[in-house]
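> Each chain, written out:
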Amino acid sequence: MKASGLSEFMAMGGYGFYVWTSYVVAAVAVAFEIIAVRARIRAAVKSALRPDRAVPVADDTQ
Amino acid sequence: MSSIAWFRLASPASFFPLARRLVPWFSAGAAVLALAGLWLGLLVAPTDAQQGDAYRIIFIHVPAAWMSMFIYIVMAFWCAVSLTFNTRLAAMLAQALAPTGAMFTVLALVTGAMWGKPAWGTYWAWDARMTSELILLFLYFGYMALRNAIDDPRRADRASAVLALVGAINVPIIYFSVKWWNTLHQGASVSLTSAPTMAATMLAGMLIMAFAAWFYAIAITLIRVQAIIIEREQNTRWMGELLPWIR
Chain E
1 MKASGLSEFM AMGGYGFYVW TSYVVAAVAV AFEIIAVRAR IRAAVKSALR PDRAVPVADD
61 TQ
Chain X
1 MSSIAWFRLA SPASFFPLAR RLVPWFSAGA AVLALAGLWL GLLVAPTDAQ QGDAYRIIFI
61 HVPAAWMSMF IYIVMAFWCA VSLTFNTRLA AMLAQALAPT GAMFTVLALV TGAMWGKPAW
121 GTYWAWDARM TSELILLFLY FGYMALRNAI DDPRRADRAS AVLALVGAIN VPIIYFSVKW
181 WNTLHQGASV SLTSAPTMAA TMLAGMLIMA FAAWFYAIAI TLIRVQAIII EREQNTRWMG
241 ELLPWIR
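Taken in sequence, the protein lines are chains E and X.
First residue of the first sequence? That's 1 in this note's numbering, and the numbers climb one at a time after it.
First residue of the second sequence? That's 1 in this note's numbering, and the numbers climb one at a time after it.
No wet-lab data here; the hints were simulated from the structure.
From a predicted model like this one, the values you see are computed outputs, not experimental measurements.
Hints are all accurate, no fakes.
With a cut-off of at most 20 angstroms between alpha-carbon atoms, the simulated SDA-like pairs for lysine to any residue come out as follows:
1. Lys117/X x Trp20/E
2. Lys117/X x Met10/E
3. Lys46/E x Arg20/X
4. Lys179/X x Trp126/X
Only some residues are given here: those of chain X computed to face chain E with a beta carbon under 10 angstroms:
5. Gly52
6. Gln226
7. Ala227
8. Gln234
9. Leu243
10. Arg247
Not the full set, but computed from the structure, chain E residues with beta-carbon under 10 angstroms of chain X:
11. Phe32
12. Arg40
13. Ser47
A virtual CB, placed ideally from N, CA and C, is assigned to each residue, including glycine.
Taking the hints into account, I'd like the entire structure generated from these sequences.
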């Protein structure tokens with residue numbers, strides 16, 4: 001694409017709303033998933049390390 | 001004796017450190033591929049003669065739609081493995097894939113609506129392609145809801161695996177819907193059996209974005225499976241020893 005300037009690039013030939021909504025929604029979804037999954041690890045570790053939790057019992061071997 | 005090594009890796013205790021080591025590589029690959037794909041798609045690829053710049057949604061839409069179906073197939077595969085061999089790691093991988101599959105399905109539907117309005121004049125139509133993709137989203141939601149509804153993880157594994165396997169019939173229906181029915185949605189843009197009809201830079205951008213989505217899906221699944229292993233194996237001795245070191 002021969003965009004002569006930023007405003008023309010953002011306009012996307014009149015389809016800016018549709019194009020940029022798609023890209024922004026994708027970026028937000030990916031960012032949210034990364035934050036959520038990291039928070040899930042932290043929450044799992046925190047919950048497993050609670051002092052009132054039961055003492056480890058079984059070994060892992062099936 | 002490679003078979004022994006595979007069975008050893010099928011234990012969460014061996015897989016957990018492997019997943020941690022692999023994440024940075026797939027994350028970096030996803031970032032580099034996404035930057036290259038966005039550069040090609042937004043700055044290099046020419047404006048389409050018919051659709052103008054609206055077609056640039058393709059660089060998100062097609063990879064997201066492919067991943068939504070592909071992740072479901074991989075998830076169903078691990079469900080089949082977990083039912084057949086009664087392995088926990090296979091069920092954990094299926095559990096880890098579902099939210100990412102649902103995320104890509106939402107993206108495929110939203111970007112499809114954003115493309116449908118300028119291309120067809122409507123955000124949504126109840127045609128076979130869109131309806132079956134919406135059913136895919138409900139299958140992902142149903143799988144996750146069923147898991148959450150069952151307290152015992154092993155029972156949740158089995159029940160949700162059956163649901164996932166029955167729902168797998170929907171994936172070929174999505175894929176072939178544009179052939180089997182008269183749909184508003186166009187046919188496949190890329191085929192293994194015929195020459196591409198798109199400009200080379202458009203096609204390259206789309207394929208690179210698809211690889212980026214693939215790497216991203218692997219990375220995020222490997223992170224989520226760690227959380228699931230911590231949640232489900234926290235009573236084991238090896239996890240008890242590892243827990244203070246996980247950040």
